[in-house]
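Trainee: Following the hints, complete the assembly by docking chains E and G onto the known chain D.
Protein chains in written order, with the UniProt record's numbering: chain D, 1 to 147; chain E, 1 to 99; chain G, 1 to 98.
Bear in mind the hints are in silico, worked out from the structure with no lab data behind them. By construction, the Cβ of each residue, glycine as well, lies at the ideal position given by its N, Cα and C atoms. Do not rely on the hints blindly, as some may be mistaken.
[To be verified] So the derived label-pair ranges between C-beta atoms look like this:
(1) E:Thr61 <-> D:Ser85: 46 to 56 angstroms
(2) G:Glu74 <-> E:Lys34: 48 to 58 angstroms
(3) E:Gly35 <-> G:Lys51: 53 to 63 angstroms
(4) E:Glu55 <-> D:Gln11: 31 to 41 angstroms
(5) G:Asp80 <-> E:Pro92: 35 to 45 angstroms
(6) G:Ala35 <-> E:Ala76: 18 to 28 angstroms
(7) G:Leu93 <-> E:Gly35: 41 to 51 angstroms
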Amino acid sequence: MLPLSLLKSAQGHPMLVELKNGETYNGHLVNCDTWMNIHLREVICTSKDGDRFWRMPECYVRGNTIKYLRVPDEVIDKVQEETKSRSDRRPPGVGRGRGRGGREEGSKPKGVGRGLEDGGGRGAGAARGRGGVGGRAAGNRGGGRGR
Amino acid sequence: MSGRKETVLDLAKFVDKGVQVKLTGGRLVTGTLKGYDQLLNLVLDEAVEFLRDPEDPLKTTDQTRRLGLIVCRGTAVMLVSPTDGTDEISNPFVQPDGA
Amino acid sequence: MATGAGLETLVDQTISVITNDGRNIVGILKGFDQATNIILDESHERVYSTKEGVQQLVLGLYIIRGDNISIVGELDEDLDASLDLSKLRAHPLKPVIH
Chain D
1 MLPLSLLKSA QGHPMLVELK NGETYNGHLV NCDTWMNIHL REVICTSKDG
51 DRFWRMPECY VRGNTIKYLR VPDEVIDKVQ EETKSRSDRR PPGVGRGRGR
101 GGREEGSKPK GVGRGLEDGG GRGAGAARGR GGVGGRAAGN RGGGRGR
Chain E
1 MSGRKETVLD LAKFVDKGVQ VKLTGGRLVT GTLKGYDQLL NLVLDEAVEF
51 LRDPEDPLKT TDQTRRLGLI VCRGTAVMLV SPTDGTDEIS NPFVQPDGA
Chain G
1 MATGAGLETL VDQTISVITN DGRNIVGILK GFDQATNIIL DESHERVYST
51 KEGVQQLVLG LYIIRGDNIS IVGELDEDLD ASLDLSKLRA HPLKPVIH
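Here chain D stands alone, though its shape is the one from the complex (with noise of 0.2 angstroms):
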């Protein structure tokens, strides 16, 4: 599975962006590219030091600034389910997909064509049993680690 699928599949849901910088950005995915520069709504930002915080109605980050994202939990079933279905499309007999695969990222030919993300058969209805980020981010950071 590829970091960017993921990122895609995790549009509309609430993440925590740490910019190398040292500030986070939470907020709901709008938009993605394969760059990795997102588009978030309803943001919050906090300082490196966890000391102030703004609110913005969106904002625009460079893909290149970010340290790491944190994703809810059950995107990550989404993906498979997402993988999963369009493998199932593939007709038997057409081993070797050329570069098909229509979403952004498949720009990449690589993982598409060789069905690389088909997940092992985990079953669509894994439940992981934990809760979603969203809160879990906000509940962390406000403490500020100091990082």
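Mentor: Structure of chains E and G alone, referenced to chain D:
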């Protein structure tokens, strides 16, 4: 590898509106967006830079200096957001979480 | 065609990642790409200190940008299970200086 579309954010809707731009290195600038290109080079009018804490150049202060009409180089742009609706707030995260 | 440095073999295994800012994150590798961006599931951070035992912070599902990764290593789960992290003292790592 053509057709590279930079449509994650449609900057058109910010034209002639106030935007806040964070640049790599820690500068923070606000101004009225007058123009932009696909490389995220931005033209800001009546731009104002927030001066930084001399002790810690990654921290901005409330002191400003006027820059006037400027071009922000796209490669240095980290973050763009509208100034309209952007406010400093008190800690919105509930502290007692045991985390 | 080997992409990445053979991360393929680590998929669905528990790995330990050291990031450029000196954090140690442990989780299950779910995916990666050419830029070594990685997906970690059920991840947690281990915070080392000389004063108290290792703190574990639950992080959940994480995408770490390749730019920010120093080291990716396989985690020996048996060995790891035999460690008493609460008794382990260590200096935190310093961030990478560019």
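Trainee: So which of the earlier hints does this model not fit?
Mentor: none
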